[in-house]
Amino acid sequence: MMSRPAPKHAPRVPFALLTVALIVGGLATLLVLNTASAANELKQHDLTAQDANIAAQVEHLRNEVAASQAPANLARVAAQLGMVPAGNPAFLQIDANGKVRVLGSPAPASAPPIAPPSSAHRSTSPAHPHGTATSTATKTATKTAAKTATKTSTTTSTPSKSASKSAHKPAPTSSTPTPDPTATTMLPGGTR
Amino acid sequence: MTRPQRPASRPHGPAARPQYGRSRPPAPRRRRPLRLGTLHGRLRFGFAAVCTLLLVIGGRLVQVQGLDHHRYAGAAAAQRVETVPIHAMRGSIVDRDGTPLAYTSAAQDITADPAQIPAGSRATYGAKLAPLLNMSAAAIASALATPGQYVKLASAVPQLTAQKVADLDLIGIYQQATTERQYPGGTTAANILGTVHSDGTGAAGIEAKFNSLLAGHDGSMTYSIDNVGNVNPSSRTVTDPARNGSTIALTIDQSLQFIAQQYLDQVVPESGAKDGEMAILDAHTAQVLALASSGTFDANNPDTINPNAPIDPPVMSAFEPGSVQKAITFAAAIQEHKITPQTVISVPNSINMGGVNVSDAWWHPTEQFTATGVLAESSNVGTLKIAQRLGPTVWDHYEQLFGVGQKTGIELPGESSGYLPPMKDWSASTFANLPFGQGESMTILQLASIYQTFANNGVRVPPRIIKSITAADGTVTTPKTPTGVQVVSAQTADTVRTMLESVTLPGGTGTKAAIPGYRVAGKTGTAQQPDPNHGGAYSSWMNWDTFAGMVPADDPQFVVAIMIDNPAHGVEGGDVAAPLFNQIASYELQHAHIAPTGSLSKHVPLQVCDAVTRRDSPSTVC
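Line order of the protein sequences matches chains A and B. Each number in the numbering used here corresponds to the 1-based position in the first sequence with 596 added. Each number in the numbering used here corresponds to the 1-based position in the second sequence with 726 added.
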């Protein structure tokens, strides 16, 4: 018991340094974490505000889209563009024996357009021989339909809910594809 | 492990100390007989006081911990826990293509705390806020002068505007999140949609009928807070999510609905009428494509609702149909083999039935009409002669089958059942009126439903307006199509359609309904109105003008029924309602891409012609 070695003191300086370093390091870490937390808090605040702002814009745009696609608005804008409601279209029916019958009476839309069509355009639409089932009549009708881009339809065996509902579309273009020659073509009824 | 070594390494440890507890002998004690102490004097009162106090404290403890436990625990929780509601978003109402007719958007209420705003800056506040809130600066300034700490400056301001208000950084101006019901179509379909109260619950129409489905269920969020109300970051948040309302898809076609209302609003003032109604049904499913009336309110602005008129006349108000319902009498007679379209009937100008004289709307000598002619020229006398062949009981049976006097069961509030007098209440002259549609009443929807029967080969399908209901979680419920009633055979329905077609051909009363290229079947009606100023007797100048019909006659795609209430004197159903049918049907034919069937009308003579009539009449007459 008495032969115990003299107590050897561990050097105190490194321990103190370690302790101080730990305390300072801990405090520094805490500071960094707190700062980061606060910074994130601020960032979150900004992003939340930005999010709210964007949400408000989306809401606003949604309202605008809904309001503009309401039929009342479409009708108003169409009228401003000089569009008029299309009249009753006429149809050509080709019977099995090749006879062609006109269904309906083609006529220009009765309501006057605000912007009158050019005379050049008018001249491209010749009068149609009613009820004469010659091949020329059909051809003319087909051509005219292509030029005026009215909707094509058929009353023959191929059921076509057909073509575009382009009765409300503005001026025809020359790039309109040639309609299927086998399909019966509607006479231009509406868009002038 | 270390303990046994301790004494060795630490000689001054406890082991080395004298162990008093064990080594010292216990102090000798003088034993006395046990007896209670006696209290004397002030000590007694003190003891009593302490006991009382202990009793009170103990009792209070029992009360607080045992009996009132929940109250205090709850109060404590309320101090550290906050529950905020999460409002469910009200569901949308869309048309058959999914275009929104009604939806809810987020908005802000702008409020102010007048106590925080110095009197001198009220005018400045007013000037800054006026352009954003669409109010006058003076109105804002005077609102800010309200005593108290709360005043609402504007309700349901759009988010974008609210943001601009917030950007002004005005002290004392606050915002409260709220929602706003939007009806982008305004008046379009407003009679069907109805509107909402200021608290967002449904007030009329679909909004009221399906309020619980549309409203959804509010949720809540619970979290703990510190003493100043900040959220404890690490605390557990309990969220009961809100379940948003369902989206209801109607069978309405928004464009057709708009056009129908547009035409009615145009025709009613032009014809000097009181109002007008229209119903358009799909021919086979009987889905309602449009249900319109003139002068409909703006759903965005409930102030435009006329408190003296039904909010949805097409299902709420009934009228006497007049000749338009002769089709039932004819269908019954054909089904019962009493007539064929060619049956010749001798029709005098008037007939005495049940003690009353009934005459035709125009003067004519006794003529030999075919049954088709009776319908096409709308002869009351001829119709009564056909009804006589049927007899009242059979006639009544068919009226019931066609649903006259019964609600259709459409999913709209306040539906009128119309009125068909029960046979037991009939007087001698009742059957002299009913067969041509006087003395009974129906809504425009019921009238359309009758014609839907003819369009759908004799099967009457009760009209419906709900296409589907989509819950917030995406599950879609499609209401079952009600089972149809085979009222007349397909053959009879086809025959009636052929006869109705002659109405729109030259010689008929409804030629203005004809659409070039298409075969149109329909019937005009001009019913006399009871005149309240003459004791309810039928007026000779107040009419309900009607037209109901379908296109194409040989393969109907849709059914239109129109009623114009009391147009200017002298105007008949064929003059107001038939042209309107032409307009709306022409639109729908193009809108729905319906091509002509290309078939030819069957020719049935309207009357037995002599040489002169044959020469002077259109080819369809003879």
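Keep in mind that the hints are not guaranteed to be accurate.
Said to hold, decoys possible - Here are the simulated distance ranges between beta carbons: (1) A/GLN646 / B/ASN953: 26 to 34 angstroms; (2) B/TRP1089 / A/ALA674: 46 to 54 angstroms; (3) B/VAL877 / A/ASP642: 27 to 35 angstroms; (4) A/VAL661 / B/ILE897: 32 to 40 angstroms; (5) B/ASN953 / A/ILE619: 27 to 35 angstroms; (6) A/ILE650 / B/SER881: 47 to 55 angstroms; (7) A/ALA624 / B/THR963: 45 to 53 angstroms; (8) A/VAL661 / B/SER1325: 42 to 50 angstroms; (9) A/ARG658 / B/HIS1319: 23 to 31 angstroms; (10) A/ILE619 / B/VAL807: 30 to 38 angstroms; (11) B/THR1209 / A/VAL673: 42 to 50 angstroms; (12) A/ALA674 / B/ALA841: 51 to 59 angstroms.
Hints listed in this document are in silico derivations from the structure and should not be mistaken for laboratory results. Note that beta-carbon positions come from the ideal geometry of N, C-alpha and C, so glycine has one too.
Status of the hints after comparison with the structure:
For A/GLN646 and B/ASN953, the Cβ-Cβ distance of about 31 angstroms falls inside the hinted range of 26 to 34 angstroms, so the restraint holds. Taken as a hint, the range 46 to 54 angstroms holds for the pair B/TRP1089 and A/ALA674, whose Cβ atoms sit roughly 48 angstroms apart. Separated by about 31 angstroms at the C-beta atoms, B/VAL877 and A/ASP642 satisfy the suggested range of 27 to 35 angstroms. The beta-carbon spacing between A/VAL661 and B/ILE897, approximately 36 angstroms, falls within the hinted interval of 32 to 40 angstroms.
Hint check: B/ASN953 to A/ILE619, Cβ distance near 30 angstroms, so the stated range 27 to 35 angstroms holds. Between A/ILE650 and B/SER881 the Cβ separation comes to about 24 angstroms, which falls outside the hinted range of 47 to 55 angstroms. Between A/ALA624 and B/THR963 the Cβ separation comes to about 32 angstroms, which falls outside the hinted range of 45 to 53 angstroms. Restraint check, A/VAL661 to B/SER1325: a C-beta distance of roughly 43 angstroms satisfies the suggested window 42 to 50 angstroms.
Between A/ARG658 and B/HIS1319 the Cβ separation comes to about 30 angstroms, which falls inside the hinted range of 23 to 31 angstroms. Under the hint 30 to 38 angstroms, the C-beta atoms of A/ILE619 and B/VAL807, about 37 angstroms apart, fit the expected range. Evaluation of the 42 to 50 angstroms hint for B/THR1209 and A/VAL673 yields a pass: the beta carbon distance comes to about 44 angstroms. Range check, A/ALA674 to B/ALA841: Cβ separation about 53 angstroms, and the 51 to 59 angstroms hint holds.
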